[in-house]
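A.B. asks: Given chain A, work out where chain B should sit, using these hints.
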Amino acid sequence: MSLLKEPDFGTPLRPGAATVTVEVDGMPVSVPEGTSVMRAAATSGIEIPKLCATDNLEAFGSCRLCLVEIDGRRGTPASCTTPVAEGMKVRTQTPKLEKLRQGVMELYISDHPLDCLTCSANGDCELQDMSGVVGLRQVRYGAEGENHLELEADTSNPYFDFTPSKCISCSRCVRACGEVQGTFALTIEGRGFESQVSAGGMSFMDSECVSCGACVQACPTATLQEKSVVELGMPTRSVVTTCAYCGVGCSFKAELRGDELVRMVPHKDGGANEGHSCVKGRFAFGYASHPDRVLSPMVREKITDEWRVVDWATAIAKVADGMREVQARYGVGAIGGITSSRTTNEEVYVVQKMVRAAFGNNNVDTCARVCHSPTGYGLKQTFGTSAGTQDFKSVAKADVIVVIGANPTDGHPVFASRMKRRLRAGAKLVVIDPRRIDLVRSPHIEAAHHLQLAPGSNVAVVNAMAHVVVTEGLVDQSFVDDRCEDFGEWAAFIARPENSPEATEVTSGVPAAELRAAARLYAGAGNAAIYYGLGVTEHSQGSTMVMGMANLAMATGNIGREGVGINPLRGQNNVQGSCDMGSFPHELPGYRHVSDDAVRGEFEDLWGRELMPEPGLRIPNMFDAAVDGTFRALFVHGEDIAQSDPNTKHVTSALEAMDLVVVQDLFVNETAKYAHVFLPGTSFLEKDGTFTNAERRINRVRPVMAPKTGKHEWEIVCEIAEAMGFEMSYTHPREIMDEIAALTPTFAGVSFDKLDKLGSIQWPCNDRAPDGTPTMHVDGFVRGKGRFVPTTFVPTEERSTRKYPLILTTGRILSQYNVGAQTRRTANIAWHPEDLLEIHPHDAEVRGIIDGDTVSLSSRVGATTLRATLSDRMPVGVVYTTFHHPVTGANVVTTENSDWATNCPEYKVTAVQVGLRSAVPALAD
Amino acid sequence: MTHTVSPQVRLANEIALQFRGQDVDAAAAKIDRHIRDFWDPRMRADLLHRAETGVETMDPLVVAAVRLLRHQA
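Protein chains in written order, with our numbering: chain A, 1 to 925; chain B, 1 to 73.
For reference, chain A alone in the conformation it holds in the complex (with noise of 0.2 Å):
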């Protein structure tokens, strides 16, 4: 339940016309076919008294309490669970009905425990509600009688309590977890009066619940209550913003108490999540107001010394100085900036802009560089622009879903919810990735094929399924012919025996049969949608396969409507938003080239600054010029390239050889380490401005307080340029958005206000599409013609040897985000308290590993330890671990390997060796 009440239909909207007109007592409304007569009534203003029923959830039939009365039909029927029909003339309210009403409710209060005054839920509770809407004024019967009001409360989980005391058995928290989550963890365990709850018999935290918070979001009482409220109470205050994880970027309804933040309620009217939320969104943010947090500048001479707290004009002068200090005397292009995917768009693009305009170079880059910038290589190449091609909705139109090097029920949950309800609705399921994820076997789900490659064959896997395809007479000649160009190169190529399933079956390890039962599917489905993570980018091949994966979509038209599409799933909330605010060294905002002189020309007029056409400085650059000499400064907005970064030892080898490194977070992180100056950051919660997410959908970041720093780091960002002699002031971020339309044809249409208004907008939005764009490509891809290129597999030189025998990859947990920064400063430490590396049972025992032993992992460049735990998740041969610990140090073994046209480094492939700690020897380097 939530402070801030929206509209509940009761039942779901049924799609299509509103063709069906009924009267409601006496108010005729029309509604499409299928909708419940609860729904029309509510259509029309009226609302039906009920308890198990809620729009998000399919209509149940258990409260009777929405009992109707219907001309010419008998009894009393349940308003939820049946459907209108046309001339249907229904009342709602008659003495029949109030008394039936009562009668229901008196026996739901009888067993609930009479404590409403002292009741968290005081105030935002339907069963009271409910009993003031039936006129309930006497309870007959007493607690005296058998009851449940004994039962014990289940406090485990660290986020909400679960009194069963209270509960009413109306199944929403199972139905939720059900229908809205897909995760099946509740049932009604029992029957009749022993009927109740239950986490499969076991505490809430032992269970298999997720902690999405459905189940809380969906009980009508106190019986699911967040901790929060039963300790601080309940909020006064609520404003919609944008979670600030992954890139999904759900909607939420911060709820407040004065200042301080009680709950995150998911927004039924965000349209990514549609009132759902994830263990992070929805309770991990408790890191806002961690004491760890720096909320004042701080500066020191050397890395060795320790901080000095400042005030911001100190700590602005020392960075502003100690830039032009440096390229006096190394020159123009020794200093440069990492932007953040954390931030919002409008401090994303002065960071860039005070780069490019104030530094007066283009050595400006994104942590994107480390995640998806293949996706902006690959989708450029192919389509004309870097943008995933659908909305989020789209997925519940796809008749094969194929899950490529992506783990969305951990990466993604909320995306996973929607993906797993159209997979139980009959869609079929392809995952292609080396590790056997949980969306392989699930709850009423099962992939039709798990492609189990070995790691760092993507390009050979997509090849062979475009080999097939071509060679089988699979390709949609009509779409071809009228959308694309190159095809007759391509195919040519393609059908090379090289190519075939049989060929690449060597080197992948992906039965020939299997890889040509899969690619047939894709290809005869009549919509087929890729779906795809960092196991496709963080390749030698990243941009290759992303090409590749372009390639199989146009051949077979799926491109350019519902349900079908290459989407990539991108990991931080602002990672669309960062790349699309020109944060890459080679493109201004836009995505379009520094050396295109009518372009650089627009941002030359409006900043007043000559800018460089040449391309500057990516972040792995960065640090090869910085351990050669050349490049001497770094401003890291809102990024720990310490931690997140491969081959640790080179990237704090870089930083240690520069004269100045200016950290602007929220933690003392790891890169910080290596600062001179530090620059508190500010929280989501503090912020104002827009996020974009992966579905390119802009949301409103609304600030629900005053920063904690006492600045708003757009703010920071603009007096450090406006100190090194550039002008840049703004007096809101809406004017900062207002110069990003201005200059940007694909936000040409946004603002704050129409922001405001829509709730949210897909870009590009301007005058040919002014409320935005929820699929691309739809009449012709946005370079005109989709080209077809060639996508030659080259294996990666990172190979298993004698000396490191196995192929580690990596991955991340749902309980944590990125390198942990946030989330192992809430309670979600509670599930994930350290990395753990992931080792098969045969591998385990060959090296005398058994579960629970202390490993040393190590790689031609380095070695770290952690605990082993017994998987067969991954094939003999390759290990597995997640990056969220700093103590872990994943990144101290990956290596300097990257994709060969964008720099993004190759995690997910690294040769190692695995032995117990204490019988593996230091090694030499």
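Think of the hints as simulated: they come from the structure by calculation, not from any bench.
The structure displayed is predicted, hence computed values, not measured ones.
Idealized CB from N, CA, C, for every residue including glycine.
Hints may contain errors.
[As the list claims (entries may be wrong)] Just the calculated beta-carbon pair ranges, DEER-fashion: (1) A:D851 with B:R67: 53 to 61 Å; (2) A:H732 with B:R67: 47 to 55 Å; (3) A:A425 with B:R67: 57 to 65 Å; (4) A:A769 with B:H49: 43 to 51 Å; (5) B:Q22 with A:R917: 42 to 50 Å; (6) A:S296 with B:G54: 53 to 61 Å; (7) A:R799 with B:H49: 47 to 55 Å; (8) A:I850 with B:H49: 53 to 61 Å; (9) B:H49 with A:V778: 47 to 55 Å; (10) A:L758 with B:R67: 52 to 60 Å; (11) A:T869 with B:Q22: 42 to 50 Å; (12) B:R67 with A:D628: 22 to 30 Å; (13) A:E301 with B:H49: 34 to 42 Å.
[Claimed, not checked] Just so you have them, the derived chain B footprint on chain A, three or more residues with Cβ under 8 Å: (14) 584-594; (15) 621-629; (16) 899-910.
C.D. replies: Just chain B now, with coordinates in the frame of chain A:
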């Protein structure tokens, strides 16, 4: 392929691998275009310099692309 001292030579060789099997002139033109589109001038200068010194092993396609790069420089 052997690892080289210069990250630029290494990266250029990796780019060249993607275009193997294509016509040499066409491949060299694509590599040249890619490097001019995405590399900072100092990286290009380093590649040209190392091509001149000839110490490090360069893929023949890189050698051909360097000729185009030098022409444009």
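A.B. asks: Would you mind marking each hint as holding or not holding in the structure?
C.D. replies: Verification of the supplied hints:
1. A:D851 with B:R67: 53 to 61 Å: holds (58 Å)
2. A:H732 with B:R67: 47 to 55 Å: holds (53 Å)
3. A:A425 with B:R67: 57 to 65 Å: Holds: the Cβ-Cβ distance is about 58 Å, inside 57 to 65 Å.
4. A:A769 with B:H49: 43 to 51 Å: holds (48 Å)
5. B:Q22 with A:R917: 42 to 50 Å: holds (49 Å)
6. A:S296 with B:G54: 53 to 61 Å: holds (55 Å)
7. A:R799 with B:H49: 47 to 55 Å: violated (31 Å)
8. A:I850 with B:H49: 53 to 61 Å: Roughly 54 Å apart at Cβ, these two residues keep to the hinted range, so it holds.
9. B:H49 with A:V778: 47 to 55 Å: holds (49 Å)
10. A:L758 with B:R67: 52 to 60 Å: Distance hint for L758 of chain A, R67 of chain B holds at roughly 54 Å.
11. A:T869 with B:Q22: 42 to 50 Å: holds (46 Å)
12. B:R67 with A:D628: 22 to 30 Å: holds (25 Å)
13. A:E301 with B:H49: 34 to 42 Å: Taking Cβ atoms as reference, E301 of chain A and H49 of chain B lie about 35 Å apart, which means the hint holds.
14. 584-594: n = 3 at 8 Å, threshold three: holds.
15. 621-629: This one holds; 3 residues, not fewer than the three required, reach chain B with a Cβ under 8 Å.
16. 899-910: Per the Cβ count (4), the hint holds.
The structure shown violates just one earlier hint, number 7.
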